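Asks: Protein sequence lines correspond, in order, to chains V and B.
Here this note's numbering runs 68 ahead of the position in the first sequence, where the first position is 1.
For the second sequence, counting from 1, position 35 maps to 34 in this note's numbering; every step adds exactly one.
Quick caveat, the hints were computed from the structure, so don't treat them as lab data.
Do not take every clue at face value.
Claimed, not checked - For lysine-lysine, the following DSBU-like pairs were computed, each having C-alpha atoms within a straight-line distance of at most 35 Å:
hint, chain 1, residue 1, chain 2, residue 2
1, V, LYS207, B, LYS71
2, V, LYS334, V, LYS353
3, B, LYS71, V, LYS84
4, V, LYS184, B, LYS94
5, V, LYS87, B, LYS63
6, B, LYS103, V, LYS127
7, V, LYS84, B, LYS225
8, V, LYS151, B, LYS55
9, V, LYS209, B, LYS94
10, B, LYS226, V, LYS294
11, B, LYS63, V, LYS151
12, B, LYS63, V, LYS84
13, B, LYS71, V, LYS187
14, V, LYS195, B, LYS225
What the hints assert, rightly or not - To spell it out: a stretch of chain B is covered by chain V in this simulated footprint if at least three of its residues, at any positions, have a beta carbon under 8 Å from a beta carbon of chain V; those stretches are:
hint, segment
15, 11–19
16, 131–143
Every value quoted in this text rests on a predicted model; they were computed, and no experiment measured them.
Note that the Cβ used here is the ideal one computed from N, Cα and C, for glycine as well.
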Amino acid sequence: MSVIEIEHVDVDFPQKKGKVVKAVSDVTLHVEKGDIYGIVGFSGAGKSTLVRTINLLQKPSAGNIKINNVDFIKDGKQVISNKDLQLERRKIGMIFQNFNLLNETTVLENVAFALKHSKLSDEELEKRSLELLDLVDLKDKADFYPVELSGGQQQRVAIARALANQPDILISDEATSALDPQNTQQILDLLKKLNKELGLTVILITHEMDAVKRIATKVAVMEHGKVIEDGNLRQIFLHPKQELTKKFVGGSLEAISTLESLNLGKLGADEEVYQLVYSIANVTKSIIIELYRQIGVEVSMLYGNVELLNDEAIGTLVVLVKGDQDKQKQAREFLNEQNVTLTRLDEKGNLYD
Amino acid sequence: MINWLEQIMPNVFQLGWGGDAGWGTSIFQTLFMTFWSAIFGGILGIIFGILLVVTKDDGIRPNKFWFNVCDKLVSIFRAIPFVILLAFIAPVTQKIVGTQIGMKAALVPLTLGVFPFYARQVQVALESVDSGKVEAAESLGATIWDIIFDVYLRESRSELIRVSTVTVISLIGLTAMAGAIGAGGLGNTAIAYGYNRFNNDVTWVATILVVVLILIVQVVGDFFAKKLNHQNR
Chain V
69 MSVIEIEHVD VDFPQKKGKV VKAVSDVTLH VEKGDIYGIV GFSGAGKSTL VRTINLLQKP
129 SAGNIKINNV DFIKDGKQVI SNKDLQLERR KIGMIFQNFN LLNETTVLEN VAFALKHSKL
189 SDEELEKRSL ELLDLVDLKD KADFYPVELS GGQQQRVAIA RALANQPDIL ISDEATSALD
249 PQNTQQILDL LKKLNKELGL TVILITHEMD AVKRIATKVA VMEHGKVIED GNLRQIFLHP
309 KQELTKKFVG GSLEAISTLE SLNLGKLGAD EEVYQLVYSI ANVTKSIIIE LYRQIGVEVS
369 MLYGNVELLN DEAIGTLVVL VKGDQDKQKQ AREFLNEQNV TLTRLDEKGN LYD
Chain B
0 MINWLEQIMP NVFQLGWGGD AGWGTSIFQT LFMTFWSAIF GGILGIIFGI LLVVTKDDGI
60 RPNKFWFNVC DKLVSIFRAI PFVILLAFIA PVTQKIVGTQ IGMKAALVPL TLGVFPFYAR
120 QVQVALESVD SGKVEAAESL GATIWDIIFD VYLRESRSEL IRVSTVTVIS LIGLTAMAGA
180 IGAGGLGNTA IAYGYNRFNN DVTWVATILV VVLILIVQVV GDFFAKKLNH QNR
């Protein structure tokens with residue numbers, strides 16, 4: 069069941085002299101209950117603008133938006149009253165890059181603020197707020213002011229606040245971008261735990277592919293306001309179609325910079341550079357040795373990396389293969405048979421079309 | 000000591016404490032005018048400041064009409080010099096307090112004189128609240144009143160105290176001019192009993208009292224502004 073249905077959504081930002089910037093154009097996205105849906109792309113790709121239409125912090129210019137089976141937007145027009153929108157928003161939690169806690173209230177009051185309209189008595193409200201803080205391991209900081217906490221702790225308070233009304237959906241808008249790697253990991257693990265234990269649907273916007281690799285089940289890649297590719301994380305990772313996606317996954321950005329620093333010079337007529345991405349569990353043969361043994365090409369390793377993709381080990385290799393045209397073709401066919409995703413690169417690590 | 004003081008500033012002592020021209024009376028008049036016009040002007044200023052922020056283009060309830068009404072009203076009243084405002088709105092004063100002269104009559108022009116100044120300062124203070132916090136509150140399903148009271152006013156409270164301090168201080172300055180419509184006060188004492196009668200000692204003492212009053216307001220304001228600040232700065 070789709071909890072988030074975004075159909076043909078446009079977001080236009082009118083500029084001076086009648087010009088219009090299309091921040092989001094014709095995006096269709098369906099998110100199922102229990103998904104951890106990663107949305108990746110470089111800055112300015114329109115990720116934030118797109119997800120802000122989910123709780124109408126951003127009003128779209130065209131399209132349909134239906135959340136939890138309630139129509140928010142039809143044909144670009146808001147069809148939900150502001151009053152109902154307030155109620156629906158309580159079922160959609162959101163956390164931000166800058167945490168956005170209220171600095172003049174204590175941690176406990178920050179959480180209680182979200183419960184203001186819950187009709188709980190004062191004691192129940194405090195009890196519930198403390199429970200929420202306990203969930204994020206910050207019960208002992210209840211009487212602190214946000215400014216007295218670290219960034220990671222502040223983000224956890226923000227998560228407790230976002231979960232106060234027991235939402236079905238949690239939107240994380242670059243929530244780990246301002247944190248150090250350790251805190252980032254902690255927050256991501258927490259999101260995954262909440263997803264598993266509470267069945268929370270998580271929308272994870274980020275420009276860090278690592279975050280998505282760690283916890284997402286599905287991914288959409290955005291560029292220039294459009295979703296250029298979406299699907300299962302594994303599918304996208306092992307069989308990327310778009311050039312940008314290929315750059316984003318498989319640690320290719322790192323591979324490219326490695327190639328650049330290697331300064332290979334012009335490739336010989338019998339040399340080719342390939343990027344190989346594969347699931348380690350699926351590769352039963354030692355592919356590099358087999359390439360030599362079966363086909364007779366020489367393979368030199370230029371870059372290698374193994375990383376966990378939602379708990380599955382994925383390897384990335386960049387290799388230089390030496391052999392004539394015929395052998396090169398055989399090598400490619402062999403690798404395809406082995407379920408290895410193959411991308412041809414030039415000597416600087418750029419992708420061939 | 001007293002004798003010596005009496006010798007170097009005889010006119011100060013001649014005015015006495017009580018009576019129409021007494022020091023006690025003029026201090027009371029200044030405090031009375033400052034206090035009540037701060038209350039009335041403060042309420043008006045906060046209301047207008049909030050309206051300006053809420054109805055602004057990117058506010059939480061954008062409304063061009065009301066924004067323009069508030070904006071123009073504030074701008075017009077700010078443009079009128081206070082001494083002229085005193086005379087200009089005399090008929091309105093007559094309607095509201097039943098008289099055009101005296102301490103109570105001065106409250107109307109003082110309130111109208113100070114509120115636009117305060118409204119602008121409140122507007123700036125509220126706008127200093129990070130829009131991300133407002134968005135976060137909206138994403139939690141907060142009502143417009145939650146956002147006004149728990150986000151805008153609460154988050155900017157330290158800044159609000161700071162601008163209120165500045166406003167009260169400039170208000171004390173305005174009360175000095177209210178003497179022009181017979182409202183009394185320390186300003187009036189300095190001009191009418193001091194300057195006009197060549198009694199420089201009276202002018203000096205009145206000035207010192209005003210300065211002391213302003214310093215007290217400043218110190219108290221700074222103390223609370225600092226105490227209630229938990230922002231990342």
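Asks: The structure should be examined with respect to each hint, and the outcome stated for every one.
Replies: Hint-by-hint comparison with the structure:
A threshold of 35 Å between alpha carbons decides the hint, and for V:LYS207 with B:LYS71 the separation of about 50 Å lies outside it, so the pair is violated. Taking the CA atoms of V:LYS334 and V:LYS353, the gap is near 31 Å; set against the 35 Å cutoff, the hint holds. For the given pair, B:LYS71 sits about 25 Å from V:LYS84 by alpha-carbon distance, which is consistent with the 35 Å threshold. Of the supplied pair hints, the one linking V:LYS184 and B:LYS94 is violated, its CA atoms being roughly 44 Å apart against a limit of 35 Å.
Proximity of V:LYS87 to B:LYS63 is assessed by CA-CA distance (about 22 Å); at most 35 Å being required, the pair is judged to hold. Annotation: proposed proximity of B:LYS103 to V:LYS127 is violated, straight-line Cα distance about 51 Å (limit 35 Å). A distance of roughly 42 Å separates the Cα atoms of V:LYS84 and B:LYS225; the hinted pair therefore is violated under the 35 Å criterion. For the hint linking V:LYS151 to B:LYS55, the alpha-carbon distance of about 21 Å falls within 35 Å, and the restraint holds.
With a C-alpha separation of about 57 Å, the suggested pair V:LYS209 and B:LYS94 falls outside the 35 Å cut-off, and the hint is violated. Simply put, B:LYS226 and V:LYS294 have alpha-carbon atoms about 49 Å apart, too far for the 35 Å limit, and the pair is violated. Our distance criterion of 35 Å between C-alpha atoms is met by B:LYS63 and V:LYS151, whose separation comes to about 22 Å. For a cut-off of 35 Å, the pair hint linking B:LYS63 to V:LYS84 stands: about 18 Å separates their Cα positions.
For the hint linking B:LYS71 to V:LYS187, the alpha-carbon distance of about 41 Å lies beyond 35 Å, and the restraint is violated. Annotation: proposed proximity of V:LYS195 to B:LYS225 holds, straight-line Cα distance about 31 Å (limit 35 Å). For the segment 11–19 of chain B, the proposed coverage by chain V is not satisfied: 0 residues have a C-beta within less than 8 Å of a C-beta in that chain, short of the threshold of three. Counting residues of the segment 131–143 of chain B whose C-beta sits closer than 8 Å to any C-beta of chain V gives 11, which meets the bar of three, so the coverage hint holds.
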